[in-house]
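2 protein chains.
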Amino acid sequence: MNDTRRRRVPRPVREQQIIDAAIRVFAKRGYHAASVDEIAELAGISKPMIYLYLDSKEGLFIACLRREAARLVAAFQDAAGHAPSPELRLRAGLLAFFTFVTEHRDSWVVLHRQASELSPAIAAELTQARRAVMAEVAGLVRVGIVESGGPAQAGEQDADFVTYALVGAADSLTDWMAKHPDEPPERITLRLMNMVWVGMRNVLGGEVWAPAEDG
Amino acid sequence: MNDTRRRRVPRPVREQQIIDAAIRVFAKRGYHAASVDEIAELAGISKPMIYLYLDSKEGLFIACLRREAARLVAAFQDAAGHAPSPELRLRAGLLAFFTFVTEHRDSWVVLHRQASELSPAIAAELTQARRAVMAEVAGLVRVGIVESGGPAQAGEQDADFVTYALVGAADSLTDWMAKHPDEPPERITLRLMNMVWVGMRNVLGGEVWAPAEDG
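Sequences listed follow chains A and B, in order.
Numbering-wise, full-length UniProt numbering puts 41 at position 41 of the first sequence, and it's gapless, one number per residue.
Numbering-wise, full-length UniProt numbering puts 209 at position 209 of the second sequence, and it's gapless, one number per residue.
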């Protein structure tokens, strides 16, 4: 009877429950130490059922990566898409990112802190996730150049440079956030905007910094 | 006779030769796929000798990490220590970093791209290396605040924030460099200075960015 009830839960719903549990266990234990037994117990689903649905521990991990990367990108797009100017779009995108990391710390640990050398399949998935995020930011940066009256043909290379620097900074700041758990995402976003917004426009405008005291 | 000659090479010299070879092999193959046989062959040293000197593949990897992290920190300190102002010290430090990555791509791959989940000992070593670099940058940022007439008691938290953002940006830009191998470290440094210098001073001065069009 109990078994029959269980089987009535549609597969997609079950899969999401498994992924929820897996993210918590992977974040807590790390990939190698995580056991499918613990995940099964937390999800309230039998271990064979997990293997049936998601194939292997690796398949499970990849399903976690895929879902959380898609959520992160969606949150970023959704936030950035509704702001009226490039500056505000960037702020909204960054805020969505820092909010995601604050609210889904486990997901972030899985997406980010887990080794990229775990397996070639996982490494490929991580690369893809990172590329998707980069593409979003790069799009924002490029549109920003044109809309803010910058050179329409601003170096693709410069836009790419700014994107890498910005994504790296945001990425690294998630470690800072772990040390300052009470800092609201809004303040982190403001600080980062403050640090990079003017300078980004300089770089994209092709200006080159020269040290004040240089001979 | 040949054996006798070999034994005359002092141990510290031999160890450096082994580490040189190991860095090349680890960078090329990744930790898991790298074989001590290949390292031994490249170093022209017998495999038992490698185990005698550096204990294990893990010990070998840690020796690589340690030496290259120390070199990177030394290059940074040396460069930054000789410039006459905070601004120029930061530029010199960044230039030293990007030059190191350009000239020692293999070392950077080993230091950076290899997984932090390889083993607890390796993860600890990596954390320590990262902390050493962070401490250098943080020191530069803090001295920079005071010397450039900023608030002497500028939030420790703000300085730390700027450090994380800056290190993350520089870190991420090493991926950009891999895509643009002909870009000289000088230009990368100038672009990054251009992007962050003014904004850094704002953050450290406690200024908060406000969007132009915000209601």
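Quick caveat, the hints were computed from the structure, so don't treat them as lab data.
One or more hints might be untrue.
Simulated crosslink set (DMTMM-like; lysine to aspartate or glutamate; CA at most 25 angstroms straight-line) [as the list claims (entries may be wrong)]: (1) A:Lys28 - A:Asp158; (2) A:Lys179 - B:Asp158; (3) B:Lys179 - A:Asp160; (4) A:Lys57 - A:Asp37; (5) A:Lys28 - B:Asp37; (6) B:Lys47 - B:Asp37; (7) B:Lys179 - A:Glu156; (8) B:Lys28 - B:Glu136; (9) B:Lys179 - A:Glu136; (10) A:Lys179 - B:Glu183; (11) A:Lys57 - A:Asp78; (12) A:Lys47 - A:Asp78; (13) A:Lys47 - A:Asp20; (14) A:Lys28 - A:Asp106; (15) B:Lys179 - A:Asp37; (16) A:Lys179 - B:Glu156; (17) B:Lys179 - A:Asp158; (18) A:Lys179 - A:Asp160; (19) A:Lys179 - B:Asp37.
Hint check results:
1. A:Lys28 - A:Asp158: Not OK: lysine 28 of chain A and aspartate 158 of chain A at ~39 angstroms, beyond 25 angstroms, violated.
2. A:Lys179 - B:Asp158: 13 angstroms, holds
3. B:Lys179 - A:Asp160: The given pair, whose Cα atoms are some 10 angstroms apart, holds under the 25 angstroms limit.
4. A:Lys57 - A:Asp37: 10 angstroms, holds
5. A:Lys28 - B:Asp37: 36 angstroms, violated
6. B:Lys47 - B:Asp37: 6 angstroms, holds
7. B:Lys179 - A:Glu156: 13 angstroms, holds
8. B:Lys28 - B:Glu136: Violated, at about 29 angstroms.
9. B:Lys179 - A:Glu136: 19 angstroms, holds
10. A:Lys179 - B:Glu183: Violated, because 35 angstroms separates the two Cα atoms, which is more than 25 angstroms.
11. A:Lys57 - A:Asp78: 31 angstroms, violated
12. A:Lys47 - A:Asp78: 36 angstroms, violated
13. A:Lys47 - A:Asp20: 15 angstroms, holds
14. A:Lys28 - A:Asp106: Holds, at roughly 8 angstroms.
15. B:Lys179 - A:Asp37: 42 angstroms, violated
16. A:Lys179 - B:Glu156: Given that 25 angstroms is the threshold and the Cα spacing comes to 13 angstroms, the pair holds.
17. B:Lys179 - A:Asp158: 13 angstroms, holds
18. A:Lys179 - A:Asp160: 30 angstroms, violated
19. A:Lys179 - B:Asp37: 42 angstroms, violated
The structure fails to meet hints 1, 5, 8, 10, 11, 12, 15, 18, 19 from the earlier list, while all remaining hints are met.
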